[in-house]
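Chemist: In my numbering, the protein residues as written are 19 to 587.
Honestly, the hints are just simulated from the structure, not real lab data. Accuracy of the hints is not assured; some may be wrong.
As the list claims (entries may be wrong) - Pairs of lysine to aspartate or glutamate residues, derived as EDC-like cross-links and limited to a Cα-Cα distance of at most 16 angstroms, are as follows:
no. : residue 1 : residue 2
1   : 286       : 297
2   : 468       : 414
3   : 120       : 69
What the hints assert, rightly or not - Restraint-style ranges between C-beta atoms, simulated for each label pair:
no. : residue 1 : residue 2 : range
4   : 160       : 296       : 28 to 36 angstroms
5   : 441       : 78        : 52 to 60 angstroms
6   : 212       : 167       : 54 to 62 angstroms
We put the beta carbon where it would ideally sit given N, CA and C, even for glycine.
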Amino acid sequence: MKNQLIVKILNNIADILELQEVEFKPIAYRRAAQSIESLSEDIADIYERNELEEIPGVGKHIGEKIAEIIETGKLKYYEKLKKEIKIDLEQLNEIPGLGPKKIKFLYKTLDVRDLKDLEKVLKQHKVRELEGFGEKTEETLLHGIELLKKRPSRFLYFHAISIVEMVKKNLESYDFVKKVEVAGSFRRGKETVGDLDILVVSSQPAKVMDVFIKMKDVIEVLAKGGTKSSIRLSNGMQVDLRVVHEKEYGAALLYFIGSKDHNVELRKVALKRGWTLNEYGLTTLMGNKWIAGRTQEDIYRKLGLRFIEPELRENKGELEAARLGKLPALVTVKDIKGVFHNHTTWSDGHNSHLEMAQKAEELGLKFMSFNDHFGHIGITNPLTEKRLGKYLQEIDKVQKKVGIKVFTGVEIDILKDGTLPLSQAKLRKLDVVIASVHVAINMKEKEMTKRVCNALSNYPINILGHPQDRLLLEREPLALNLDKVFDAAKKHDVFMEINGSPKRMDLPGELVKAGLDAGCKFALSTDAHDTSHLTFYPLAVNLARRGWVEQKHLLNCWSFGKIEKALQK
DNA sequence: GCCGTTTTCGGCCCGACTGTTTTCAGTCG
19 MKNQLIVKIL
29 NNIADILELQ
39 EVEFKPIAYR
49 RAAQSIESLS
59 EDIADIYERN
69 ELEEIPGVGK
79 HIGEKIAEII
89 ETGKLKYYEK
99 LKKEIKIDLE
109 QLNEIPGLGP
119 KKIKFLYKTL
129 DVRDLKDLEK
139 VLKQHKVREL
149 EGFGEKTEET
159 LLHGIELLKK
169 RPSRFLYFHA
179 ISIVEMVKKN
189 LESYDFVKKV
199 EVAGSFRRGK
209 ETVGDLDILV
219 VSSQPAKVMD
229 VFIKMKDVIE
239 VLAKGGTKSS
249 IRLSNGMQVD
259 LRVVHEKEYG
269 AALLYFIGSK
279 DHNVELRKVA
289 LKRGWTLNEY
299 GLTTLMGNKW
309 IAGRTQEDIY
319 RKLGLRFIEP
329 ELRENKGELE
339 AARLGKLPAL
349 VTVKDIKGVF
359 HNHTTWSDGH
369 NSHLEMAQKA
379 EELGLKFMSF
389 NDHFGHIGIT
399 NPLTEKRLGK
409 YLQEIDKVQK
419 KVGIKVFTGV
429 EIDILKDGTL
439 PLSQAKLRKL
449 DVVIASVHVA
459 INMKEKEMTK
469 RVCNALSNYP
479 INILGHPQDR
489 LLLEREPLAL
499 NLDKVFDAAK
509 KHDVFMEING
519 SPKRMDLPGE
529 LVKAGLDAGC
539 KFALSTDAHD
549 TSHLTFYPLA
559 VNLARRGWVE
569 QKHLLNCWSF
579 GKIEKALQK
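Use the sequences and the hints to build the structure in full.
Modeler: Here it is in structure tokens:
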């Protein structure tokens, strides 16, 4: 799978061209890189089919370069560019406040080629003497280098929730604050967030800025202006705040929620009508006459589009769908009748069957399934054939004590050879069989794909658990050809899991969409190991929504009768 | 280098904040 390599090379080329002040080409290379990054299939397969130029942003020339990388693993053009510049752009580009112009200037005047060189000349106070630089810049860059060394990574969506609530509560407590809304990737429901974007409606922006930068937990003020400020919290998270008037609220929300790509496309739609769109509103290009801006709905409507939910705003076909009135009726949290994939003390969970079921009932759910681990070593305290009988009896007892439906089931290991450690006949006696990869996770793509597809083909599996087996910010996804897995899942009526455990969030939205396009259906789970984890399912709903999923695609929304029929094997 | 609901040529999103200089370039989102 060379997708990531190609993305990296194309982005690096864009950086170099930008440094060389080549016009427009950097944009083209970046656009192509972005398209490839969001592909769900191996780009080599697309190349085999001779369809590289079907990828948005890829034309003849970039197509040829991609082909060269696929064929040889290298790109002569890129090697040539690298020799031309002699600078470690990748590293220097990451320092906040340092862009192509300054990097070039530093190279020309002080022969700065990498981070080390830069740190040296900064400490010798040579940089502050340069034209266009000064003491402040010296300080900013040194600070940037320090920050880069510590590198605060992205944050799990789940961890951002409490920060969002803290900031919201704080700002809402002031009477000069009319509205507080969270925008950015958090509002789009991405599984990790880099920083937070907060939007406030107020007629007294200066006051809002003051209280914002003085919030507790603020360790650094990165910028403070009349309507826009940025701070860093003690945990390293950056929070950007923007204050707007009521009249601009919709336009500002649109702008701040993003994604950037979605906004760029929207602005193009506006331009075609002779209008311009910015964070203050939609106006005519000529004469600057007001068209819309108070609500997001107004703006979309004027542009001839249906309202697009934030989770869909990734420029992945949503504008076209909105124009044609073909947007999906996205599933919502309240459509979820129950959750799958829950663990108890019978394997590595913290609570009993009864405690888990009672909590689910308390949350207003109508059903849940128990899926304790069944497997070999590597899993904590897994179920065995010997213990299975008593485990099922226990669930039976719990069913009589609670007002919700409890399904029996296991989460069983897909072994290295694609077999499962329990016979088909015994698996058929369970309501919900989830099969997952837990061991031997470093197999090559071909073998791993075969392993998973074999399991799906040969056993009565209902749900493929956390298909990528990734851990966010910790462990990469399995090397798996998901297109083949999707095909096998569809063929054998296996639901793909959307796992809402904060570290897993697996499948992510873009892959849910790919699965949906391949004809797959989905089952949403909490992967709860504790009663408190049962509240994770709204996180999985985010992913489903990002994947364009409707109720008809999601097992959790169906009637009991339909669920039972779908689980029959 | 890519792309097309005015276009196969001529565009390519748009504005705030900072630091440095004194009207603006660079960076960022």
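Chemist: A separate judgement is required for each hint: does it hold in the structure or not?
Modeler: Evaluation of the provided hints:
no., hint, result
1, 286 - 297, "14 angstroms, holds"
2, 468 - 414, "36 angstroms, violated"
3, 120 - 69, "39 angstroms, violated"
4, 160 - 296: 28 to 36 angstroms, "35 angstroms, holds"
5, 441 - 78: 52 to 60 angstroms, "56 angstroms, holds"
6, 212 - 167: 54 to 62 angstroms, "18 angstroms, violated"
Hint compliance for this structure: hints 2, 3 and 6 are broken, all remaining hints hold.
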